[in-house]
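Since each chain comes alone in its own frame, lean on the hints to assemble the complex.
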Amino acid sequence: MQAFNLDLCDLPPGVDVLREEVRSFLFETLGSYSKPNRARSWSAFDADFSGRLGDRGWLGMTWPEPYGSSRSALERYIVIEELLAFGAPVAAHWIGERQSGPLLLRFGSDKQQEKLLPGIASGKSFFCIGMSEPNSGSDLASINTHAKRDNDGWVVNGQKIWTTYAQKCHYMIALVRTSGSVKDRHDGLSQLIINLRDPGITISPIRNMIGDKEFNEVKFDNVFVSDSMLVGEEGNGWQQVIAELAFERSGPDRFLSAYRLMVELIRMFHKTEDKHAEVAIGRLTAHLVTLRQMSLAVAAVLETGEQPTIEATVIKDLGVAFEQLIPEIAHDLINVAPNILHGSDYEKSLAYIQQACVSFSLRGGTTEILRSVIARGLGLR
Amino acid sequence: MTEISKTLAETCDRLFSNLINNDVLRETELAVWPDPIWQQIEENGLTFAMVNENHGGSGIKWIDCFQIIYWSGYYSVPVPLVETMVSSWFLSQHNQAPPKGVITFFCDGKPLDLIESNNSYKISGIIERIPWGASADYVLAEAYNSNKQVYVLLDAKKSKIVKDKNISGESRDSMTFDKASPMTVIDISDAFRSNSLLVYAALARSVQMSGGISAILDNCISYSREREQFGQPIAKFQAIQHQLAILAAEAAAAKIASQIACRAADLIDVSSGLEFEVATAKIRAGESAGLAASIGHQVHGAIGFTDEYSLHYITRRLWSWRSEYGSESYWARRMGKEVIAGGADNLWADITARL
Ligand SMILES: Cc1cc2nc3c(=O)[nH]c(=O)nc-3n(C[C@H](O)[C@H](O)[C@H](O)COP(=O)(O)OP(=O)(O)OC[C@H]3O[C@@H](n4cnc5c(N)ncnc54)[C@H](O)[C@@H]3O)c2cc1C
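Note that the protein sequences, when read in sequence, are chains G and B.
Using this note's numbering, you'd call the opening residue of the first sequence number 1 and step up by one each time.
Using this note's numbering, you'd call the opening residue of the second sequence number 1001 and step up by one each time.
Calculated from the structure, these hints are not laboratory results.
Every clue listed holds true.
Pairs of lysine-lysine residues, derived as BS3-like cross-links and limited to a Cα-Cα distance of at most 27 Å, are as follows:
{"#": "1", "chain 1": "G", "residue 1": "K183", "chain 2": "B", "residue 2": "K1236"}
{"#": "2", "chain 1": "G", "residue 1": "K213", "chain 2": "G", "residue 2": "K35"}
{"#": "3", "chain 1": "G", "residue 1": "K35", "chain 2": "B", "residue 2": "K1337"}
{"#": "4", "chain 1": "G", "residue 1": "K271", "chain 2": "B", "residue 2": "K1337"}
{"#": "5", "chain 1": "G", "residue 1": "K275", "chain 2": "B", "residue 2": "K1110"}
Partial pick of chain B residues on the chain G-facing surface, computed with a CB cut under 10 Å:
{"#": "6", "residue": "S1224"}
{"#": "7", "residue": "E1287"}
{"#": "8", "residue": "I1340"}
Ideal Cβ placement from N, Cα and C applies to all residues, glycine included.
Same shape as in the complex, but just chain B (with noise of 0.2 Å):
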C-alpha cells in the first residue's frame, strides 16, 4: 500500500465511523439529508480527491481513491460521496474545473437530445433512478448532439423531482427537464472514448461493494464470538466457522478485484479500454456480495432481521449496488463476447499484457 493510501483509509475509517450510526442511516432513509455529513465529508476535501490539481483538487490516483471508496462502502455512508468524486473526476479529466456542491451522474439508461436553437442548446427529457437526484445540486448527463455522444452538466434544481428509492432506500430519484439550458456540454476525449461514464459508475459501485462485504465480515466475526447457544459461542461451531471462511474468501477476493479495475482505471490512455478489468471487478464483487449477504443474515439469525440492527443497513445496499450500473450476467456478456471474439488461444496472452 502507499503512503497516501494508508492515510486516506485512515482518515476515512475514523471520518466514516464518527459521522454514521444507525440513527443517521434511519433518518436518511426517511428522505432527510444529513446536510452536517455531507459538509464534514466536503470539507475533509474527499469530494475533490480525485480532481486535478489546476481545478483545486488533490489530483489522488485511483488505486489511492479505492481507499475512500472503500471505506465509505464499508460504513454505509448515505450521501452521493462516491457519485460526487466520479463525476468531478471526469469534469477535471475533460478539463472542466468541477462545481462545489453535489453532483450526481446519469449513465445507464436513454441518453438526453441536446437540441440546438439560436446557438443555444436545450435540453428537454427525463432520467430514471438518478442517486439522490432531489439533493444533487448538478448533474453530470449522457447526452446526444446530433449523432455525437456528449455530456451535459445540468442544474438538478432545474429538474421536476419525483422521488424513489432502492432496495436500501438510498434517494434514486426521476429527473425531467424542460428546455433546461446545460451548464457545460462536453465533448469526450480520446481517452475515454471506449470508456463511458457507466465504466466508472460499475466500477465505483464494485469498490463499495468490497467495503461492504468486509463490513459484513467483520460483524460477522464478533457476533459469532458474542452470541452463545449451546452454552458455548456460536463460532466455535465448524458449520459457522466454513461459512465465515467463505466469507472471508469472498472478502478478499472483491476487495482485489476492485482494485485490479481501480490500477487500470489510472491507465485511462490504454486504447483498449478498461471494460474487461471493471467487468471483472463488477462480476466478481456483484457475486461476492450476494453470498456475502446471505451468509451474513444466517450467521445473524433473527436479529439480524430486525430493524434495530445494523446489518441490514450494509445487506440491502449490496443488493442494490450489485444490480446497479450492470449486473453481473450484464457485464459478463460483455466480457465473453470480447473473450470468445478474442479466440481462445489468445486468452492467456491477453489476461497477462493487461497486468
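This is chain G alone, in the form it adopts within the complex (with noise of 0.2 Å):
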C-alpha cells in the first residue's frame, strides 16, 4: 500500500523566459527594497506593486479568458516563487489572488465573476477572509456570525477575528450561519461576499506582538447583504471552504516565508569556514529542494483538476516545521543579539522572523489539525 503519492514533476519547457521576466521586472522595481523589508515576505502590503503586477498580467493568469490568460498553474508557481524568493511585498492581493479567486471560478455566479474578478486581476481589489470568530479558531465549524433572510438579501450580524488586512481590503469572503443552530456544524453554513465599505461594518485593527497592524477585528451590525453576493449554494459553505483551504496549503508561500532570512544567514559565512555553518547551511538548503519539488509535484497534479487535499497539508506542515528552523539555527551559528533599529540587516531580519514565525504554524490551520488531517487521509480516523 501507498499512503499517498507525490512524484516528481518536470517544469514545462520555456519557464525560463517567464522566470528571467519576472526577475527582471522585480530588479527594475523594486531594486533598493532593503534587506529587512525582504524579510517581511507575504506580508508586507503595497496596493502600488500590486496593480503592476496586475499590468504585467501576473494576476489571476491560469484563469480562463477574459478574466485571465489560462496560463498553466506551474506558470503560476514560477511567478509567485519568484515574487516571495526575492521577498516582493505580495500581500495586498494575495488572499484575492490564491484563493477567493479560485474559489469564485469555482463556485461563483457569472455576475459575481464579471464583477470581481477583473479587480483581483487587475491588482486594484483585494479580498480578506473571514472565517475565525473571537470562540471558533479551529472549530471552524462553530461560528456564530449569522445571516438572516430578508427580502431579496441577508442581514449579517456578528463578528470575525483575525481577519488579515481586513483594514485594507475591498471586501471579505465571509463563512456564515444562513440557517440551523451551531449545533448543526457544517449544515447550514454560506459563504458570503462583504463589501467592507456597506454600512454597520466596524473595522478594528489589532496589533500583533512584533507591532504591525495586519490583522483585524470585524464587527457586523445588522449588514445588508444582497443575494447576488452568496457563493455558489445557500448551505453549502462547509464544502466551499474546505476546496478553499487547498488552494492555501501548498505553494511555495508554505516554505518560503522565511527565505530571506536564510540568504542573509548564507552571506554572514561569506568568505569564512566555519564547519558548524558547513552543516547547518546544508541541511536547510536540502530541505528547501525537497520541499520545492514536493510544492511543485502537487500543482502538478492540481493542474489535472485533481484535490490533493492530503499532499498538500503534508507540504504546509513540513514547510512551516522548515521555516521555523531557520531562525533557530541562525540562532544557534551566529553569536549575536539582534538590534532591531540600527542592527544590521541580518539582525534586523533575524529579529522579524524570530517573532513572526511563531504565527505560520496557527495560519491557515494549525500544526495540530493538519495532522489530525493527514492522519484521516492515512485512514487513522
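See the structure below:
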C-alpha cells in the first residue's frame, strides 16, 4: 500500500523565459527594496506594487479568458516563487489571487465573476478571509456570525477576528450561518461576499506582538448583503471552505516565508570557513530543494483537476517546520543579540522572522489540525 | 509516473513480496547466501536494468529504476542487487560490458594503488566494509594509477576475506588483495569527472531508505489499527495519529528527495555534477530515516523490539544506510560549502536552474 502519491514533475519548457521576465521586473521595480523589508515576505502590503503585477498580467494568470490568460498552474508557480524568493511585498493581492479568485471561479455566479475577477486580476481590488471568530478558531464549524433572510438578501450580525488586512481590503468572503444553529455544525453554513465599505461594519486593527497592524476585528451590525453576493449554494459553505483551504496549503508561500533570513544567514559566512555553518546551511538547502519539488508536484496534480488535499497538507506541515527552523539555526550559528533599530540587515531580518514565525504554524490551520487531517487521509480516523 | 516506472513498480512489489519473508531475512543475517533469491532477481533482468542495450542490458533510466531500488529497500532485499545494478551501469557507461554475477563496489576509503610492472597492472591492498564482499564475484574499486584516479574491476574470489556485518546484519566484509591482476582498468570519462562512484552509491542508499521509510509507515498504519488498548485501536489516539502524520510527511519528503537525485543522474553530462541533488537526497532521506525508525518503534511498543517481529529488519537497515556513503552531516557540509561559496544572492538562481 502507498499512503499517498507525489511524484516528481518536470517544469514545462519555456518557463525560463517567464522566470527571467519576472526577475528583471523585480530588479527594475524593487531594486532598492531593503533586505529587512524583504524578510517580511508575503506580509508586506503594497497596493501600488500589486497593481503593477496586474498590469504585467501576472495575477490570475491561470484563469480562463477574459479574466486571466489560461496559463498553466506551473507557470503561475514560477511567478509566485520568484516574488517570494525576492521578498516582494505581495500581501495586498495575495489572498484574492490565491484563494478568493479561484473560489469564485469554481463556485461563483457569472455575475460575481464579471464584477469581481477583473479587479483581482488587475491588482486593484483586495480580498480578506472572514472565517475565524473569537470563540471559533480551529473549530471553525462552531461559528456564530449569522445571516438572516431579508427580502432579496441577508442581514448579517456577528464578529470575525484575526482577519488579515481587513482594514485595507475591499471585500471579505465570510463564512456565516444562514440556517439552523451552532449544533448543526457543518450544515447551514454559507459564504457571503461582503463589501467592507458597507454600513454597519466596524473594522478595528489589532496590533500584533511585533507591533504591526495586520490582523483585525471586524464587527457586523445589521449589515445588508444582497442575494447576488452569496457564493455558490446556500448551505454549501463548509464544502466550499474545505476546497478553498486546499488552494492555500501547498504553494511556495508555505515554505519560503523565512527564505530571506536564510539568504542573510548565508551572507554572514561569506569568505569564512565554519564547519558548523556549512553543515547547517547544507541541511537547510536540502530541505528547501525537497520542499520545492514536493510543492511543484502538488501544483502539477492540481493542474489535472484533482484535489490532492492530503498531499497539500503535508507540504504545509513540513514547510512551516522548515521555516521555523531557520531562525533557530541562525541563532545557533551566530553569536549576536539582534538589535531592531540600528542592527545589521541580518539582525533585523532575524528579529522579524524570529517573532513572526510563531504565527506560521497557526495561520491557515494549526499544525495539530493539519496532522489530524493527514491522519484522516491515512485512514486512522 | 512513466509506463516503465509503473511496470517496474508492480513487478518489483510482487517479486520481492513473494521472495522475501522473515525466515529469509533471519537466515541471511546468519551469513547464509540466499542463492535462489539472487537467481530469481537476476533472471528477471533487474541487475542489468540500467546497463546499455549494446551490453545486453535494458538501458532503463535512473528515474525509472528508482522503482527497483525503492522496492528493494521497502522489502529489505538481502542481496547486493543495488550494488550490482550500480556497478554494472557504471561499467557500461564506460564502454565496458559488465560480467554476469554479483558485483559489489568500493568507493568510500583510501583508493587502492595500481602498480605497473612488466606491462601489466597489479593491485595490493585492503578495502573495508564491502557489501557482500564474501559472496561477490567481482568488485569495482576506486584506485590510483600514479596520480590519476581510475576504477578497477577485480575478481573478488582472489581476495582474502574477513567477514563483518553492519548494524542490520548485512554483510560488510574486508577484502585483501595481494598482487591481484585487475580484469579491467577504467579511465574516468569526462561525464563522470565530478561524479565519483561514491555519489551514485549515496544516491542508491537514499532511494533504498525512501523505500524502507514507506515500509515502516505502512507497517505502522496497519499495526495501529489492529492493536487495541483502553478498549480501542491505538490508531484512535491523537498522539499516535500525529506521530504517523509526521512519519507520512517524512516518507513523502524522502521519496521526492531521492527522485530529485535520480532525475539528475539521468543528465550525467551536466558539467557541474550531481553532488547537489545527491546531497539533497542523502541528507533528507537520512534525516527521515532516523525519525521513521524511532516513530516506528514507539508506535509498535514491545513487540517491535522482538526478534520475531519484522520491524527491526527495516529500522536497523535504515540506521546502517543513513551512515553509509556519507552521513547527513558529511553531505551537508559538502553542500553547505558550495552554497556559501556560491554566494547568498545566487542560491535561488542556482536552485531554479537545476530544475
Ligand atoms: C497571523 C495570523 C493571521 C491570520 N489571518 C486570518 C485571516 O485572515 N482570516 C481568518 O479567518 N483567520 C485568520 N487567522 C486565524 C487562524 O486561522 C487561527 O488562529 C487558527 O485557525 C487557530 O485558531 P485559534 O487561534 O483560535 O486557536 P485554537 O483553535 O484555540 O487553538 C489553540 C491550540 O489548541 C490546539 N487545538 C485546537 N483544537 C484541537 C484539536 N481538535 N486537537 C488538537 N489540538 C487542538 C491548536 O492546534 C492550538 O495549538 C490568522 C491567524 C494568525 C496567527
